[in-house]
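Could you slot chains H, R, U and Z with the ligands onto chain V? The hints should help.
Here's the letter readout for the chains.
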Amino acid sequence: MSSVTTKTREPEASFSATSLAKLRHKPWYKSDAFRRLVMCVLLGVLFTIMTGEQAGDDVFYSLNDSLTNWPWLGTWVAVAVGIWALITFHSYLLGNPALSPVHKVIKDATAEVKKVTPVLGRREVKWPLIIALVVVLALLPTWVSGFWNQVMVNEIAVYVLLAIGLNVVVGWAGLLDLGFIAFFAIGAYSAAYWTGKLPVSPPVELTPFLVIPVAVLTCLVAGVLLGAPTLRLRGDYLAIVTLGFHEIIYLLATNADEFTNGPAGVQGVPHPTLDLGFWSYEWTTTDLEQYWWMIMVIAGILIFLFLRLEHSKVGRAWTAIREDEVAAAANGVNTVKYKLMAFAIGASTSGIAGVVMASKVQFVSPASFELMFSVLVLAYVIFGGMGSIWGVMLGTAFLAWLPQILKDYVDEQDRHMYLGAILVIMMIFRPQGLIPSRRRKRELNLAKEGLGDADAMTEPVGGRVS
Amino acid sequence: SDDKDDDASSNPGGGNKPTYTIGFQGGLTGKNAQLGINEANGVKLAIEQANAKGDLPFKLEVKTSDDEASPDKSQSAAQKLIDDGNVVAVVGPAFSGPTKAASPNYAAAKLATLTPSATNPSLTAPANKFTALLRGTPNDNMQGSGMATYYAKKLKLKTVLLIDDKSEYGIGLAAVAKADLEKAGITVKTESIPQGTPDYTAAATTVKNSGADGMIYAGYYQDGAPFAKKLKEAGVSIPMISGDGTNDPEFIKLAGAAADNWYLTCPCADANVEEATKKFAADYKAKFNEPAGTYSAESFDLANMIIEQMKTFGAEKITREALLNKLKAAEYKGLTKSFKFDQNGEYVGGAIFLYQVKAGKIEYLGDIDKLSAA
Amino acid sequence: MNLNEFWDYLIPGISLGALYAVIAIGYTLVYGVLQLINFAHSEVFMVGAFAALLVFTKIEPSNPSGLMSVGLVALGFAVSGLAGAGTAFALEKVAYKPLRVRNAPRLAFLISAIGASFFLTHIAGKLFGRDPKPIPDLFVNKKVFEIFGARVSVLQLIMVGAAIVMMIGLDLLVNRTKMGMGIRAVAQDAETAGLMGVDINKVISRTFVIGGLLGGCAGFLFGLNSQVTYTMGFFPGITAFAAAVLGGIGNIRGAMIGGMVLGIVESFSAWQFGDEWRYVSAFAVLILVLMFRPTGILGERLGRTA
Amino acid sequence: MSNNTVIKQRSAESDTATPVIAVRGVTLRFGGLVCLSDVELTLNRGEILAVIGPNGAGKTSLFNSLTGVYVPQEGSITLNSANGSTHALLGQKTHVVNKLGLARTFQNIRLFGALTALENVKIAAETRQRTGPVSIMLGLPNARRAERASDRRAHNLMEFVGLGDKINELASSLSYGDQRRLEIARALATDPQVLLLDEPAAGTNPTEKLELAELIRHINAELGISVLLIEHDMRLVMSVAHRVTVLNFGKVIASGTTAEVQRDPAVVEAYLGAEMAAEMLDAQAQEEE
Amino acid sequence: MSKAPAANGDASTAKPLLELRDLQVFYGAIQALKGIDVTVREGEIVTLLGANGAGKTTTLRTISGLLTPRAGEIRYGGERIDGVPAHHVVSLGIGQSPEGRRVFPMMTVTDNLLMGAYRFKKVPQSDLDRVFELFPRLKERRSQLAGTLSGGEQQMLAIGRAMMGRPRLLLLDEPSMGLAPLIVAQIFSIIKEINAGGTTVLLVEQNAAQALKLSDRAYVLETGSVLVSGTGEQLLADPRVREAYLGEGAGG
Ligand SMILES: Nc1ncnc2c1ncn2[C@@H]1O[C@H](COP(=O)(O)OP(=O)(O)OP(=O)(O)O)[C@@H](O)[C@H]1O
Ligand SMILES: Nc1ncnc2c1ncn2[C@@H]1O[C@H](COP(=O)(O)OP(=O)(O)OP(=O)(O)O)[C@@H](O)[C@H]1O
Ligand SMILES: CC(C)C[C@H](N)C(=O)O
Ligand SMILES: [Mg+2]
Ligand SMILES: [Mg+2]
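Chains as they are written, first to last, in the numbering used here: chain V, 1 to 466; chain H, 467 to 840; chain R, 841 to 1146; chain U, 1147 to 1435; chain Z, 1436 to 1687.
Chain V on its own, in the form it takes in the complex (with noise of 0.2 Å):
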């Protein structure tokens, strides 16, 4: 339109008492009862075609299947019609959503919670709790299945200790990681190498717990590696060489066959011993509670040490960071040297996770770092909600969890698909995550004002300068 006419103008817009009634009210398909109500409708279809037959030969099969399947479709399209109906009539009825009884019942229920928080968090109650709590997780694998035991240390606890590094880079320091778990490939080749199952022999061999400094230290170098180069990158594009070097360290792995064993991965990594010269215990692969301890220890370690950082002086500057670089920078925060330790930390935990994964899963291969493990992570993240640490904690153990419950209720084949549909549901409605930190909260609330980004990740390119 950059074309100008040289012909008269349009005649000047004229509004009638009617037309500005029809724009201050919407007419009734735009009305939100009604859109719901398609809504309802179309997700009563999509629920039917999820719950549907497996499509196999025939691209048709489970289309024509699922959409003439009558009695089943019509049962989901009248739930979700009951259930607009449901949410319709009562706001309609009631008039004032204040005097829902459903609201009623949540606003009370928060209120208590209100009223409970500042007493969870008095010093005589809060650590009885916290003890409990300790306690209770460590009897846990004493009282469910060999199944639960492997998923919790194999899937949750591992995963967790990702998770908690890292919350470190991008809840803390607002550095948006998509190749984490890069990282953790390090670490557990780390430990294969160190233990003398790569197809090229170390120095000396250690013992996987003797790997866990090395590992930390390699990660570390490997961490100030990536982030020196990226540092002048922001946001989006600090996400795709992450994402990159993710890709380089996972076809390294694969391809390097000389160095890596390539695809066929390495076996026999030992698992952990302990020997303190009066006293000596060695993990088994049937002994499932001896790592799930191990790596209660490793977290509570790493949860203390992690703590003390985001109410420090570490933590302040990195909240500057993420608010605002160039601000930051002016009243002397060394964003470099910010930066680069985030990284550094998170890549450590990380490799210390891939350790333990190593030496309980005795096996390493590619197969365990695929990029969509490293967007999974990011998704437990945020979906606990960034900057918390129990929140992470919650949410990685909820979310991998998920899948395995599934496996219980339905197609296993179709897990990542509800896995999909409740990631955008939360998000939906709980954008800030299970437990949000507290400073995340506050900026969300601001950014709903308009005032910043809730992320803090939006700074354009080479920032704002004036």
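It should be emphasised that the hints constitute simulated quantities derived from the structure, not laboratory data.
For each residue, glycine too, the CB sits at the ideal point set by N, CA and C.
Careful: at least some of the hints might be erroneous.
Stated by the list, open to error - With the Cβ distance kept under 10 Å, some of the chain V side facing chain R (calculated, not the full set):
hint, residue
1, Leu233
2, Ala239
3, Leu252
4, Ile425
5, Gln432
Said to hold, decoys possible - The calculated DSS-like cross-link candidates involving lysine-lysine, where the alpha carbons are at most 30 Å apart (straight line), are:
hint, chain 1, residue 1, chain 2, residue 2
6, V, Lys22, R, Lys937
7, H, Lys824, H, Lys751
8, U, Lys1312, V, Lys114
Unchecked claim - Between beta-carbon pairs, the in silico distance windows are:
hint, chain 1, residue 1, chain 2, residue 2, range
9, V, Val144, H, Ser804, 40 to 46 Å
10, V, Pro229, U, Leu1179, 27 to 33 Å
11, U, Thr1224, V, Phe429, 56 to 62 Å
12, R, Phe846, H, Thr625, 20 to 26 Å
13, U, Arg1291, V, Ala228, 29 to 35 Å
14, V, Arg438, R, Phe846, 56 to 62 Å
Relative to the frame of chain V, chains H, R, U and Z with the ligands by itself:
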């Protein structure tokens, strides 16, 4: 999760028969999910048919456990089966990586695992102590050397281009083929064309320009098919051979005319010649509304092998350990081949058969050793 | 390095790059307007391919040639474009708009996008089967042209041609039409655009629709070139996103250049180092470029700056 | 606990002979656009120097060049520290420049909105501490001590700028004028020798402007900090600045005392306009009476 | 600068173009406007004064449909327009130059101006010419990207852009903020000129002295309520106003 149809096929005999479960572990989601699904379906079909026959002294159920083809998900998938006291034997794991991760657990539980498709040679190394693992398929060594033999002895090629797909399966196969080709004095060039390559045109050009007079593709049909198309477009006409990962009707469906003249090997006898296999194919299609795929029949066989051994218990209670021991010693003639294991659980015997695609059909040529000798 | 081989690899690089470019535009457009990585764009691409697959499986063209082929290809574009546009539209309404209304943090959008991506992938797997399926031949005539001794297939010509037409069309649309001006205005300052009389919601919907249209068409071409699977979107999606960033995300011409560069880099690295190093080279180039040009080759354009 | 213990006081006497900052021949270009051209400027120790000029003259860009946000293509910028050392600032990283003793505020307030007012100041104060992440994670005594020190210092500074009662409020919830003060407190927390203020009075009302002028004089006189001030409000400039430098199109067109500058015809034409100039002269005359 | 003929005499009797009645606006739980009444008659310049956070911007944003009032009404030409979405409000002839200028930084000056006329299908060249006549500076820079203009130029562009929509009512939010004294004077004289051309103006200003001199009537807001209102001269003389908004020694 358990298959809904199981109840439909429950035995008419009634209540007091014991119920046993046969497990399946494989990747039902994630990369190559279709292969896991093929196998799971084979097992399901075997169990459904066994129940339907009504001559079992027990009732059978199936329990699948998805390991997402990922080693670190494998242990919990295995544990799910181990925990279930009803599970007396397992078909699977499907992939070698997860097999390596979970076998110690199965060994500790003395739960027999009969894998229809984990072909990595090192799995049966005694040092692993994978004492509950029985391999129901010749390992990569055999297929790889079969291909090499055919090229060397029958076609008498000078230079062979060996392509793997960077999957565990592909590189295993390629490594063996490479060794055997070199042993036969053939010059070997290698390339890797990973799974999911976005465009095979460049790869086809590489083949065309390689100057090789024969090609081996160690990979699956999903990638082999588009590759074959591009090879045809590029006008490559040297002999091309691929393994059981490609030996599937889907290969032809996907590649169309480009599949013509490809040689395909398989440790499996021709799935279309015999009556029994035809019936299997029809039943499978009827139940899952897709044709039986790679390893469906092998899984079906292994499940039936387990069932056969279970029958030998008669009214006796079946324990995992006892069943494992019986299976170790057993021999079973299935649709695809005969199954028998050595003391390490390695597949015994195993001729490799050669096929060729002709006019849109996979045609059976014969035992590769015999063909090469001729 | 002989020169013949150079062309042999350049040409597939260009045709692949053209596809990446078309997908990348979808990312860039949405990014420009919403500052959001539409992670589910790769599934829009996949849906486009499936739409074409469905239609052609129904039609079952037998040995089409000449005008018939032209018609079929046109039909393929129409169907896949529509399906892509529809999916993108629905995606915006379901997965993004509710968050937008609530002023959710941007990372929540990212997770919602990832969730939508999972959902679409797996529901497609359920609905259409998880095995790859071929799109039937739309032209028996695979006549191959030669340029500098290198082969160029009809399909490659279609790919590049379609990409060029779409890119030029889009460039004109965004830079020369009133609607394009509305899009640019919303990209730079949505609220003020509203004050000028631009219906922001409509513009956002349209942006998704346009991006989806292109994505769907790309899916069709991609499917035609190889095959259609429910997971087919993931890697082209990632690469195209990298292409968008490489060119300067938010910048339409940048997306085109980025796509081309990555396509060619991939092809050449397949030539020089082997196919397994494709993505390594592509990402290495991406990282190198960003190290020296932190805002991509052309820098941001549609989007806001200071 | 008095201010003196924490806020270092420098000799307040204006030592007009020694320059703290000397900008020599600085030229900054963006592509073809020349933003600063051969700029010469001297800020003497203890002085308040105002930089004025039309919009787009390059004032903010000058600040950005001083603080390392922009790197001019030509010229030199030197800082003469109170301890006698001199540093070349050109091309230094922003946080290094800050460490050397230059602190700034921004034209568009840039506080860390989700942090409390006190935390904003603490962040700046802590950049002068040496505690590392390890001692913090382990909760070592030196880390605790540092934390207490920064807390105390931040409290004092908040008191100093008159925000003593707003310590725990969120920075973003403060009123506009208070946010301006908080930005100044944050800048002071890094213990600067020179404070750069970019339009601190923009968008504030006349009453707040008067208070602000008071604060600037305080900072200058009590803390002995030299101030470089960008401002469009002539009344504020005239009331606090010792000297004025005028930029136009990236060039210095005039420099001198307030009285000299407002009579300069080039300044009147480019910046003040005849009306304003006359008004100001009037006002000054009244004051002198 | 030509003294535009004062419209005071007849404006007071002209019919109201814009009426705000008991307007209440909230940001979440915070009440920003606590029921204000403001009338703007056809052809007037009316100024809203007030300290930071008094609710001036909020008032303008509510009029232009960016915010929806929780109570009260907005009448424009006698008809209620509260609740009409922003992109429709423009088409009623209400143009706004928002706080902080908000030009489209990556568009050229001309494109920015054309954005102002987005509501029209075709834009006559004469409209552009009129703006270029008012702001010759913009004409010089018409193909420059707006983001690279200086603050004053951006302000001119924002006003010019609003003019392109041929508004009957022009809302100006702090047009003098952050501008050099010379430019401030220019902007005020241009506002006068625009008004003389028949456009009604509702002006928000911190620069009370100059704004009051120019306006027919003015309202002083304080924390969301109208504190005083009257003609420009009345308020200039009002001691409360003089003290709070003009500072000591303000010229009159
Ligand atoms: N990053 C940049 N890229 C291109 N041009 C720039 C950049 N930063 C500043 N400029 C240009 O340099 C000139 C000087 O800008 P600057 O912000 O320094 O002006 P100023 O004197 O502070 O004006 P004001 O009083 O309006 O704040 C302007 O024309 C501006 O457009
Ligand atoms: N987006 C928002 N969210 C929450 N509160 C807001 C928002 N915008 C303004 N407010 C609050 O509403 C009140 C009125 O603000 P408004 O911006 O209208 O004031 P103003 O008179 O224009 O002030 P100024 O002179 O600073 O422009 C203030 O208390 C302000 O803090
Ligand atoms: C074909 C596959 C299902 C498994 C493959 N043979 C492997 O060892 O992993
Ligand atoms: Mg400035
Ligand atoms: Mg305002």
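Verification of the supplied hints:
Proximity of V/Leu233 to chain R holds as hinted, the smallest CB-CB distance being about 5 Å (cut-off 10 Å). Satisfaction of the interface hint for V/Ala239 is found here, the shortest Cβ-Cβ separation to chain R being roughly 7 Å, below the 10 Å cut-off. Because the closest C-beta pair between V/Leu252 and chain R is about 7 Å apart, less than 10 Å, the hint holds. Taking 10 Å as the C-beta contact cut-off toward chain R, the hint placing V/Ile425 at the interface holds, the least distance being around 8 Å.
At about 7 Å, the closest approach between the beta carbon of V/Gln432 and any beta carbon in chain R falls short of 10 Å, and the interface hint on this residue holds. Only pairs whose Cα atoms come within 30 Å are accepted, and V/Lys22 paired with R/Lys937 is accepted, the gap being roughly 24 Å. This hinted pair checks out: H/Lys824 and H/Lys751 have alpha carbons roughly 23 Å apart, not beyond 30 Å. Distance hint between U/Lys1312 and V/Lys114 is fulfilled; the C-alpha atoms sit about 25 Å from each other, no more than 30 Å.
Taking 40 to 46 Å as the suggested C-beta distance range, the pair V/Val144 and H/Ser804 conforms, at roughly 42 Å. For the pair V/Pro229 and U/Leu1179, the beta carbons lie near 29 Å from each other, so the given range of 27 to 33 Å is met. For U/Thr1224 and V/Phe429, the hinted distance range of 56 to 62 Å is satisfied, since their beta carbons lie about 58 Å from each other. Taken as a hint, the range 20 to 26 Å holds for the pair R/Phe846 and H/Thr625, whose Cβ atoms sit roughly 24 Å apart.
Between U/Arg1291 and V/Ala228 the CB atoms are about 32 Å apart, so this pair conforms to the stated range of 29 to 35 Å. Between V/Arg438 and R/Phe846 the beta carbon distance is about 59 Å. The supplied range of 56 to 62 Å therefore holds.
Consistency note: the structure conflicts with none of the earlier hints.
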